[in-house]
Amino acid sequence: MNTSLAQFIPLLPEIFLLAMLSLILIIDAAVGDDKRYLAYALSLATLVGAAFLTLRDFSTMPVLAMNGLFVDDPLSDVLKLFLYLTVGAVMVYSRDYLRQRGLFKGEFFVLALFATLGMMVMVSASHFLTLYLGLELLSLSLYAMVALQRDSSVATEAAMKYFVLGALASGMLLYGMSMVYGVTGSLALGSIAQALQHSTQLKIPLIFGIVFIVAGLAFKLGAVPFHMWVPDVYHGAPTAMTLFIGSAPKIAAFAFVVRILGQGLESQVAEWRDMLVILAVLSMAVGNIAAIAQTNLKRMLAYSTISHMGFMLLGILAGSQNGYGSAMFYVIVYTLMTLGGFGMILLMSRAGFEADQLDDFKGLNRRSPWLAFIMLLLMFSMTGIPPTVGFYAKLAVLQAVVQIHYVWLAVAAVMLSLVGAFYYLRIVKLMYFDAPHDHSPIVASADSRLLMSVNGIAVLALGILPQPLMAVCVKAIHLSF
Amino acid sequence: MFGFPLLSLVIWVPILMGGLVLATGSDQNAVLARWLALAGAFAGFVVAIPLYTGFVLGTPAMQFVELVPWIPAFNIHYHLGVDGISMPLILLNSFITVLVVIAGWEVIQDKVAQYMAAFLIMSGLINGAFAALDGILFYMFFEGMLIPLYLIVGVWGGPNRVYAAFKFFLYTLAGSLLMLVSMIYLYFQSGGSFDIATWQALPLSMAAQTLMFFAFLLAFGVKVPMWPVHTWLPDAHVEAPTGGSVVLAAITLKVGAYGFLRFILPILPDASHELAWLVITLSLIAITYIGLVALVQADMKKLIAYSSIAHMGFVTLGFFMFNTLGIEGSVVQMVSHGFVSAALFLCIGVMYDRVHSRQIKDYGGLANKMPVFAAFFMLFAMANAGLPATSGFVGEFMVIMAATKVNFWYAAIAATTLIFGAAYTLWMYKRVVFGEVSNPKVDAMTDLNKRELLLMTILAVSVLFMGLYPKPFTDVMHASVTNLLTHVGQSKLP
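One line per chain: the protein sequences are A and B, in this order.
Heads up: the first sequence at position 104 corresponds to 104 in the numbering used here, and the numbers run straight through without jumps.
Count along the second sequence starting at 1, add 481, and that's the number in the numbering used here.
Worth flagging that the hints you see were computed from the coordinates, not collected in a lab.
Bear in mind the structure is a predicted one, so any value in this text is a computation, not a measurement.
Please note: incorrect hints may appear among the correct ones.
[Claimed, not checked] Pair by pair, the computed Cβ-Cβ distance ranges are:
#: 1; chain 1: B; residue 1: A925; chain 2: A; residue 2: I457; range: 41 to 51 Å
#: 2; chain 1: A; residue 1: L18; chain 2: B; residue 2: D591; range: 55 to 65 Å
#: 3; chain 1: B; residue 1: Y559; chain 2: A; residue 2: V164; range: 44 to 54 Å
#: 4; chain 1: A; residue 1: I278; chain 2: B; residue 2: T762; range: 33 to 43 Å
Note that beta-carbon positions come from the ideal geometry of N, C-alpha and C, so glycine has one too.
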């Protein structure tokens, strides 16, 4: 066994993050309540440092480390950079909200960093064990985050629900993994892929394994019919936590799915494609139709998330590099839009006021034309109307399914997104066509306003010039497969 | 002018000026916003003029071409160019935008900057749709224009504006989404190209052509709008502010018709021939049935909206006659309808601003109170009815002649519009303008002010000029139409 230090180099960002995290934990325990911002500042600094380390050792080809448990490839590096960016943005958006609700504690930041570490491990895993390890680290941190507001019964209920269903999903996933292990005799994705190149006598156990794995993945993604937890958790959790759950973990989940299905079970695409088709169509249908009936914005965005995950699955089920690249583009764009959407709720809420009802957005154009304009861009981007970036995300996944001759699926997808257009348009209607019923000024710190502006402009700018981001995704997938 | 990015200017000057107008912010700066908007619209029109003066007649090739890679990942290009069909439409759009800004001058008092900016941005987007030679670029402009129009109808519209705005948006989106899937299909069939010219040369099986024909027909048919997917138009027209109605009728309907010429006919010629009966039937229904529907309208805006649908029926009818006269007649009709419908909606706007009613029964005896206005209104009503010497006559006459060549009965049914059109327009005119003054509000009406007089004069000159001397319009498009017809004449079955 090679024990030289060199093999730890690909893990430097993770090691750095873990070290800093422990440091923050100690510092935060030592300082008083008036110095909580230390944890906040250090967390942001940690993310910057990790980004620096990731950039420094940016790989151009897959490098296996830790005896094949861990892989450092362009896909993981690019996704990690977006993870840091997303988590950093979540912290900036959440700061005032947390402070007003007495949640501005070291725990939040430590848990967020633990979750980030889990996501980084997921993104870089090349082994069933590391994948599972990362997933559980992420999930446990998220359960705790949802429950952080201890005196809120809704949040506690959401945490319970999340925990029970999440544990169930993890169990399914493990069960599936063990069956694949039984068939192939290996837990490393590379060996599994090799073993499956040759036809196996054990076709039935393999298919069973795939079914359980896909079911577990669908749980984590929140795809129908495994979506029940999504609206309740999104709704019940404090908005800052919802923002966290709704954004970065989706990037990690994308990597998770692509690693398992695209890299490990690549040769079995014929088996899992049909499952994903069903999941995708159901998610787009249920997500878009149920969102219409919601009056709570967080709940509406939860259903919209379900439909977006359905759209992302379209790219993955294509089972080609083109498809994975499109899905990657989709998930990054989705994260950008979700950050903006939930970020806007955080921006508009204040002490004792959550701003999570649809009616709270009435007449926003009169109260703040700029914020209304950004929300308009976000909503049209989620609908997929050019010239916002959401359109290219839809275009990318649609062309991936047309390429594999699933034209009917593309038609179904666009028709369901037409249904979705209705509830996004309703937000625009509330902001622009209606008179405000709440005239109190919007109190938000300068940095979160600036970040929101950047977020909104990015949706438009990437819509006019989507090439750089698209090229990054295509290239990362190409170099990692 | 070659090598100079003229078309980019035509697209981006209005959009950037719209952004600038938006930046003036609240209504305290309304005066500045108005003047900036006028400057922007005027600049947009001025930069469009060289398209006409520098246009080379007698060639079907695209002119003022700009070609830059835009999204290499999908082989999408920023590819612009105009031919004899799109160039007049760009000029029309830039021209109408100036009028719309003037028309909203003092009528709009609420959120002036946003109102003006929405129109300027939309003008740029529409120019982009006419100039785009790349499928996705076209789609971007085609869909992008929904956003400002949705806001225009919804924010400054009438009492039922929310319903109208949603209906308009969802109807148009439904059509265009299927078109998007067709475009992606064409992308793979052509080996990875979104170039419209490549698609036009691409062999396609009959089954694929037929399916795509319906997808494109839905996309553009909703926009035109053709019977039976026209129901969004009367709602949107009635609720939209005057400027919105003008742009909707004069320009956005043309984008749909333009799509027939750029996409359906040249890309799907075999399906077009095979299914011509369908489009012809729908067009004839629009001409006759919608003409009758217009007759019974009590709301003036609704009446003109239905008359628009009937007139656009002529346009689609002309396309599917597959001869030069028919297509040229249709394009002339498009431009003419742009002037006439704009003028009629402005006339209704003039009355509405004074009486705040669009109901025909609330008027009567206007000739006594507003003689100058009544004269202009007369001219535009006559043009709408297709009276010779007005622009309305030229296009309709050409299409009817073209139809005669194909089938006598097409022409006979289409020609009934000369009766229905005259009936509903002139009957409305009679009830509004002549007779006794019965409404005290009408009694208090004042004649046109200088701003309105300017608008009416410009439009009257355009309508008469086009009616008396249509040659410049047909000359410009002749080569392109001939080329289009040779394309349509060649089977693309593999």
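So, going through the hints one by one against the coordinates:
1. The supplied range of 41 to 51 Å is met by A925/B and I457/A, whose beta-carbon atoms lie about 50 Å from each other.
2. A hinted range of 55 to 65 Å holds for the C-beta pair L18/A and D591/B, which are about 57 Å apart.
3. Look at Y559/B against V164/A: about 52 Å separates their beta carbons, and that is inside 44 to 54 Å.
4. Roughly 40 Å separates the CB atoms of I278/A and T762/B, a value that falls within the hinted 33 to 43 Å.
Checked against the numbered hints given earlier, the structure satisfies every one of them.
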